[in-house]
Amino acid sequence: MNIVPPPMGLLAELTHRCPLQCPYCSNPLELEAAAAELTTAEWCSVLDQAAAIGVLQVHFSGGEPMARRDLPELVRHAADRGLYSNLITSGVLVNARRLDELQAAGLDHVQLSFQDTETASAERIGGMKGAQALKLEAARLIGESDMALTVNFVVHRQNLARVPDMVKLAEQLGAARVEIANTQYYGWGLLNRDALLPTRGQSDLANEQVEAARLQYKGRMVIDYVTADYHAALPKACMGGWARRFVNISPIGRVLPCHAAEILPGMTYPSIREHSLAEIWGHDPAFLKFRGTDWMPEPCRSCDRREIDWGGCRCQALLLTGDAANTDPACVLSPHHGVMQDVVAQAGTGSEGFRYRRPGGQRMMPGAPSGPGAQVDELVE
Amino acid sequence: MPSFPRGVRLRHDEARNQWVVLAPERAFVPDEIALEILRLVDGEATLAGIIDTLAARYAAPREEIAADVLGMVDDLAGKGALRG
Numbered sequence: 013m014n015i016v017p018p019p020m021g022l023l024a025e026l027t028h029r030c031p032l033q034c035p036y037c038s039n040p041l042e043l044e045a046a047a048a049e050l051t052t053a054e055w056c057s058v059l060d061q062a063a064a065i066g067v068l069q070v071h072f073s074g075g076e077p078m079a080r081r082d083l084p085e086l087v088r089h090a091a092d093r094g095l096y097s098n099l100i101t102s103g104v105l106v107n108a109r110r111l112d113e114l115q116a117a118g119l120d121h122v123q124l125s126f127q128d129t130e131t132a133s134a135e136r137i138g139g140m141k142g143a144q145a146l147k148l149e150a151a152r153l154i155g156e157s158d159m160a161l162t163v164n165f166v167v168h169r170q171n172l173a174r175v176p177d178m179v180k181l182a183e184q185l186g187a188a189r190v191e192i193a194n195t196q197y198y199g200w201g202l203l204n205r206d207a208l209l210p211t212r213g214q215s216d217l218a219n220e221q222v223e224a225a226r227l228q229y230k231g232r233m234v235i236d237y238v239t240a241d242y243h244a245a246l247p248k249a250c251m252g253g254w255a256r257r258f259v260n261i262s263p264i265g266r267v268l269p270c271h272a273a274e275i276l277p278g279m280t281y282p283s284i285r286e287h288s289l290a291e292i293w294g295h296d297p298a299f300l301k302f303r304g305t306d307w308m309p310e311p312c313r314s315c316d317r318r319e320i321d322w323g324g325c326r327c328q329a330l331l332l333t334g335d336a337a338n339t340d341p342a343c344v345l346s347p348h349h350g351v352m353q354d355v356v357a358q359a360g361t362g363s364e365g366f367r368y369r370r371p372g373g374q375r376m377m378p379g380a381p382s383g384p385g386a387q388v389d390e391l392v393e
Numbered sequence: 264m265p266s267f268p269r270g271v272r273l274r275h276d277e278a279r280n281q282w283v284v285l286a287p288e289r290a291f292v293p294d295e296i297a298l299e300i301l302r303l304v305d306g307e308a309t310l311a312g313i314i315d316t317l318a319a320r321y322a323a324p325r326e327e328i329a330a331d332v333l334g335m336v337d338d339l340a341g342k343g344a345l346r347g
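Each protein sequence line maps, in turn, to chains L and B. Per this note's numbering: the first sequence = residues 13 to 393. Per this note's numbering: the second sequence = residues 264 to 347.
Hints are computed from structural coordinates only; laboratory data are not their basis. Being a predicted model, the structure only gives us computed values, none of them experimental. Heads up, a few of these hints could be off.
Claimed, not checked - Derived DSS-like pairs (lysine-lysine); straight-line CA-CA distance at most 30 Å:
#1 L:230 - L:301
#2 L:180 - L:141
#3 B:342 - L:180
#4 L:230 - L:248
#5 B:342 - L:301
#6 L:248 - B:342
#7 L:180 - L:230
#8 L:141 - L:230
Could you put together the complete structure from these sequences and hints?
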């Protein structure tokens, strides 16, 4: 019998509450209410269990994790258990006092997101007026602290042209690392795909710009770039393989192999309120379902890359081929790869309007304002 | 003088019985030589001091050890795991 190696990382989605409304948010379309969230004691138990089974890093995420008042307590609990802690934040709720509390609690690293380098565009994408100034101030405060800073940008066709500016801004803010990640097209991102998917030409240019920046900033700043699956020839190792490296816990305690896994039909995921993390990781049928290589169809099953990309992304396979157990259509070897190429061929032709991420937020919003001085107010509630 | 940048630390991983370098959203498992070097990084030891210590410990020519150490420090610095 195989011994299952423990997960390296715990993604703790503390809440779905967030002042921003980014149209590519990785949260599910059905957002959880605050009243159903795990309590402080329940999250502390999760952290105890995670450290005990061998988790090394905990990523406090959301929604906006700083919407949880008990965040410093959770960070301290993680630090007491030897866990490396990472805060994934929009920065709009950061102030000097709250940051001091988090540092004193032992927070190791902050990943701060920006929606764009240009204020009007950034605030239209995030759906929050005044956010950019708050984020810049948050970056300044983190830079003055003892905590490491990563600046994060999610990119798409409406901001991809600013990749060189993004790298420059990250350096100015004192970041040791910048992460520029293309939108993932599930959930909200898929709903907004027409407005977000870059063209092939945009994507190729960004790849070249990232390569040039990596040479320029070598040894000074780490540049992580996540390409768009739609423009790739080979799939990514989604989550490092299903139930191999990460475990995700939703605000209400649902334990998932990835944050998007709830979209897969016919799957039920266990609750941390009813089962232990060790039991779930080792034995839950949902975790066993796509772990390793036994579940794989051809062309994955006999492929040399099967333990490199682990068949790619199950959610993407479902969304684009109708079956989560198919090879990720991002792969050129997938019989469904043409579906993705057809979508790419249409990229850049749709409206730039967004369906913002908010409870019940399926309503269409107007397109991008054109030209300088365009009104942002009408687009932001 | 090599040191760990903010947000980077070396710790023993009991569950896997190995040492790991924990860094922002990544972790490295150093090989034996890298680990020897990293365990001497305390923010006070100089590069020359680390090379001397290891040359003495392994009774090896200083130039050989120096090449290993410099190569490793450069590699780790490129990954953002060490400040050279």
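Each hint, compared with the structure:
no. : hint          : verdict
1   : L:230 - L:301 : violated (41 Å)
2   : L:180 - L:141 : holds (23 Å)
3   : B:342 - L:180 : holds (19 Å)
4   : L:230 - L:248 : holds (24 Å)
5   : B:342 - L:301 : violated (34 Å)
6   : L:248 - B:342 : holds (21 Å)
7   : L:180 - L:230 : holds (13 Å)
8   : L:141 - L:230 : violated (35 Å)
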